[in-house]
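Engineer: Generate coordinates for the entire structure from the input sequences, incorporating the hints supplied.
Using the working numbering, read the sequence shown as starting at 336 and increasing by one per residue.
Mixed in with the good hints, there may be bad ones.
Ranges between beta-carbon positions, derived for each pair [unchecked claim]:
1. Thr400 / Met477: 37 to 43 Å
2. Met477 / Lys338: 30 to 36 Å
3. Ser457 / Ala389: 35 to 41 Å
4. Asn445 / Lys541: 35 to 41 Å
5. Ala537 / Gly466: 28 to 34 Å
6. Leu415 / Pro456: 21 to 27 Å
7. Arg505 / Ala389: 33 to 39 Å
8. Lys436 / Arg383: 20 to 26 Å
9. Leu415 / Gln341: 19 to 25 Å
10. Arg383 / Gly404: 25 to 31 Å
These aren't lab readings, by the way, just hints derived from the structure by calculation.
The C-beta atom is built at its ideal place from N, Cα and C for all residues, glycine as well.
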Amino acid sequence: MSKSKQIADAIIAQGMLPLYFNADETVSVDILKAVYKAGVKALEYTNRGEAALANFKKMVTVRNTEMPGMLLGVGTVKNLQTAKDYLAAGADFLVSPGFVKEVADYAVANDIFYAPGCMTPSEIIAAENAGIGFIKLFPGNMLGPEFLSGIKDIFPKLLFMPTGGVDTTRENIEGWFKAGVCAVGMGSKLISKKLMEAKDYATIEKMTKEVLDLIGTIKK
Numbered sequence: 336m337s338k339s340k341q342i343a344d345a346i347i348a349q350g351m352l353p354l355y356f357n358a359d360e361t362v363s364v365d366i367l368k369a370v371y372k373a374g375v376k377a378l379e380y381t382n383r384g385e386a387a388l389a390n391f392k393k394m395v396t397v398r399n400t401e402m403p404g405m406l407l408g409v410g411t412v413k414n415l416q417t418a419k420d421y422l423a424a425g426a427d428f429l430v431s432p433g434f435v436k437e438v439a440d441y442a443v444a445n446d447i448f449y450a451p452g453c454m455t456p457s458e459i460i461a462a463e464n465a466g467i468g469f470i471k472l473f474p475g476n477m478l479g480p481e482f483l484s485g486i487k488d489i490f491p492k493l494l495f496m497p498t499g500g501v502d503t504t505r506e507n508i509e510g511w512f513k514a515g516v517c518a519v520g521m522g523s524k525l526i527s528k529k530l531m532e533a534k535d536y537a538t539i540e541k542m543t544k545e546v547l548d549l550i551g552t553i554k555k
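Structural biologist: This is the structure we're talking about:
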């Protein structure tokens, strides 16, 4: 099995991909530990600040010593150099807010999992034609499950994951899965700025486990 297929399978099995960024290295690592304890085996750390790469390197070090089987990806990849920097730092997969062809071409050629953000059929077609099989619907709250329901038959071979505004309620998550997603990206509705500022890792762990359990019941 290819590496990219293994990562896609891990995200699908998990049913959601948590994502966050924090400028503080210790907070970034402690959130990683909290979601790992909750049962998360794949996580996206977003490249949204000057400290992101250094923080990510520390997270990889901790992962390698304390978290067997944990997949660490990087989000907000907007160009090939950023992708290469994070891959060199130990990233297992790449995620973008949009479709970046140079990243897609590099990922496909090197068997690297890459989920580009798309919000129109034209963007999804461009990604599919580049060899991408896993699409991030972004921003999810603007598109809504109805968007996916309307286009899914056009793209029978693609996997879809909404990110942006997906919340932790059963109604919201179930709506997406009924529309045909394989997983949901969970950002600030799960790992909120308020919880990060309070360093409330126990609540982050608890909420993450609750969402994982909820998705498990929805997928049955």
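Engineer: Each of the hints needs a verdict: does it hold here or not?
Structural biologist: Consistency of the hints with the structure:
For the hinted restraint 37 to 43 Å between Thr400 and Met477, the CB-CB distance of approximately 40 Å keeps it satisfied. Range check, Met477 to Lys338: Cβ separation about 32 Å, and the 30 to 36 Å hint holds. Between Ser457 and Ala389 the beta carbons are some 37 Å apart, a value that agrees with the proposed interval 35 to 41 Å. Hint check: Asn445 to Lys541, Cβ distance near 38 Å, so the stated range 35 to 41 Å holds.
Checked against the given bound of 28 to 34 Å, the beta carbons of Ala537 and Gly466, roughly 42 Å apart, lie outside it. Between Leu415 and Pro456 the beta carbons are some 25 Å apart, a value that agrees with the proposed interval 21 to 27 Å. Range check, Arg505 to Ala389: Cβ separation about 38 Å, and the 33 to 39 Å hint holds. Between Lys436 and Arg383 the Cβ separation comes to about 22 Å, which falls inside the hinted range of 20 to 26 Å.
Range check, Leu415 to Gln341: about 23 Å between beta-carbon atoms, so the 19 to 25 Å window is met. Distance hint for Arg383 and Gly404: a CB-CB separation of about 26 Å, consistent with the stated range 25 to 31 Å.
In this structure, the one hint that does not hold is number 5.
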